[in-house]
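Peer 1: Letter by letter, the chains look like this.
There are 2 protein chains.
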Amino acid sequence: MDNNDKVILEEPVSDFWNVWYSELHNQEVGLSIKIKKMLYSGESEFQRIDVLDSCYFGKMLILYGSIMITEKDEFIYHEMITHVPMFTHPDVRNALIIGGGDGGTLRELIKHQSIKKITQVEIDKKVIEVSKKYFPEVAKEFDNPKVKLVYEDGAEFIKKTEEKYDLIIIDSSDPVGPAISLFSKSFYSYCFNALNDDGILTAQTESPFFNKNEVRKIYKNLKDIFPIVKMYLAYVPTYPSSLWSFALCSKKYDPVEDFDNNRYKNLNLKTNYYNCDIHKACFSLPNFVKELL
Amino acid sequence: MDNNDKVILEEPVSDFWNVWYSELHNQEVGLSIKIKKMLYSGESEFQRIDVLDSCYFGKMLILYGSIMITEKDEFIYHEMITHVPMFTHPDVRNALIIGGGDGGTLRELIKHQSIKKITQVEIDKKVIEVSKKYFPEVAKEFDNPKVKLVYEDGAEFIKKTEEKYDLIIIDSSDPVGPAISLFSKSFYSYCFNALNDDGILTAQTESPFFNKNEVRKIYKNLKDIFPIVKMYLAYVPTYPSSLWSFALCSKKYDPVEDFDNNRYKNLNLKTNYYNCDIHKACFSLPNFVKELL
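Chains as they are written, first to last, in this note's numbering: chain A, 1 to 293; chain B, 1 to 293.
It should be emphasised that the hints constitute simulated quantities derived from the structure, not laboratory data. Worth double-checking, as some hints may not be accurate.
Said to hold, decoys possible - In silico DSBU-like links for lysine-lysine, alpha-carbon gap of 30 Å or less:
1) B:K217 / A:K212
2) B:K111 / A:K34
3) B:K116 / A:K270
4) A:K132 / A:K148
5) A:K280 / B:K37
6) A:K217 / A:K160
7) A:K34 / B:K223
8) B:K280 / A:K217
9) A:K270 / B:K223
10) B:K164 / A:K265
11) B:K34 / A:K280
12) A:K270 / B:K125
13) B:K280 / A:K34
14) B:K280 / A:K270
15) A:K220 / B:K270
16) B:K164 / B:K72
17) A:K280 / B:K159
18) B:K111 / A:K290
19) A:K290 / B:K34
20) A:K212 / B:K270
21) B:K34 / A:K212
22) A:K34 / B:K212
23) B:K148 / A:K212
24) B:K72 / A:K220
25) A:K270 / B:K217
26) B:K220 / A:K290
27) A:K159 / A:K251
28) A:K212 / A:K117
29) B:K125 / A:K290
30) A:K34 / B:K265
31) B:K140 / A:K280
32) B:K140 / B:K159
33) B:K34 / A:K72
34) A:K217 / B:K270
35) B:K148 / B:K125
36) A:K280 / B:K125
37) A:K280 / B:K72
38) A:K217 / B:K125
Here the structure is a predicted model, which means the values were calculated and not measured.
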């Protein structure tokens with residue numbers, strides 16, 4: 001048999017593994033991401049947890065059917081929920097994270113050496129275990145001696161804590177599943193009471209494009225409790241609509257007027273999204289977003 | 001036969017029309033949009049043209065397989081490519097639009113009464129015809145007496161025009177298909193020569209998230225020609241990655257320093273995205289975007 005007898009497919013079917021993750025935002029629009037490998041699927045006491053390895057975004061943590069983080073873009077959300085309040089308040093020493101089981105917010109907070117103590121309250125121990133295993137670069141600070149980890153419902157913890165915090169970060173999943181209670185007015189009220197007189201709270205507050213009604217309600221609840229409530233925006237490619245909102249709620253400091261450029265420069269933070277221009281620009285809202293507030 | 005004999009499906013198959021438009025950005029990530037109805041499909045001399053009616057975004061114009069506009073979000077792109085240069089230059093009287101066959105940029109330009117003449121050069125007459133038929137609210141100003149419409153390749157037109165413009169807007173499709181020549185250095189150079197001494201050019205410059213290499217090349221080309229080149233960003237939900245970049249290239253005026261707040265207020269523009277805060281904030285770039293420039 002010479003070479004001419006060989007039977008070879010001219011165009012081999014190279015792509016027989018053709019698996020896509022699709023996240024529908026409202027049954028009418030979705031983001032589709034091609035998957036290399038499914039790494040983990042499990043059920044905790046609270047929710048379904050999946051880890052998928054994707055072609056473009058690297059590994060992805062999916063809670064309750066929604067992308068929480070991907071290796072490629074998690075820096076955006078975590079930098080923006082952390083550094084915006086940290087450069088608004090002049091001296092955060094005692095901070096509380098509610099949720100944030102992947103560890104990204106904790107990693108960013110730890111970059112600020114002024115912080116003496118961080119309490120993190122995560123309802124679902126399994127999320128932290130899975131994150132430590134599959135996202136070691138994100139979940140890298142849970143063993144830091146400054147960190148006190150509490151496995152409890154944040155809404156219950158905040159009712160009875162006797163500590164006072166300079167900063168509370170609500171790094172929750174969406175208001176379905178285990179995070180529903182973290183969007184209520186009474187929860188925000190307990191947070192207000194647990195803050196020092198110049199304390200700040202930040203929270204992720206969903207997509208102002210797809211979740212208009214939820215955004216309206218969240219800001220109404222926040223404004224009933226806090227004297228200063230400002231929305232800021234970041235672009236997160238793997239979140240619904242990519243336009244993501246955060247609330248900065250404050251008892252005293254204004255995030256733009258009280259921003260300290262020198263302190264920012266001195267800390268010499270390594271960030272991929274956040275910078276001093278973004279700190280101010282992110283509070284400028286398009287008209288269709290302003291209308292929600 | 002009494003009612004108990006009736007055979008009725010308990011859960012009727014209500015959703016048997018289940019058609020999705022999927023636009024893959026890099027073979028690994030895509031946006032999927034549920035379609036109500038396919039309204040038009042045709043081939044012009046230059047490209048395939050489709051109009052689909054979608055559940056969430058309304059009617060969508062698709063050129064060469066990419067979404068150009070949707071009824072729900074076209075305002076963002078058109079406001080941003082038009083009003084940012086219009087409030088940078090103090091007195092635009094003679095403007096040139098290259099591309100922009102859907103008419104949205106023209107509609108926004110016409111809102112500025114100072115403009116005396118607008119020349120629009122569109123290579124594909126069919127795009128304008130289809131837009132007039134299916135998007136009458138977007139393509140509404142083609143018959144305005146201030147407008148001179150030329151059906152020609154913009155790259156050829158600009159070589160031989162003897163007019164001088166205050167503003168050139170390059171409202172092109174992506175650098176595949178008929179728009180390739182609108183991203184070259186020699187094209188930008190001809191544009192420079194066709195501008196008055198204080199003229200401004202704006203152009204859409206692709207996604208800084210998905211098209212990093214293209215963005216780098218475009219800005220290198222622009223910076224070789226114009227003394228002032230600044231990137232600005234807007235969030236367009238139906239464009240790849242939703243983060244969209246524009247270049248403001250100027251011979252004299254700086255878009256932030258020369259922004260005239262009073263002129264903006266006096267014109268009392270009705271916009272859904274653009275406002276005076278956004279004008280300044282859109283030039284603040286995340287670190288991962290700055291690195292491209």
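Peer 1: Which of the numbered hints above does this structure break?
Peer 2: Hints 1, 2, 3, 5, 7, 10, 11, 12, 13, 16, 17, 23, 26, 28, 29, 30, 31, 36, 38 are the ones this structure does not satisfy, whereas the remaining hints hold.
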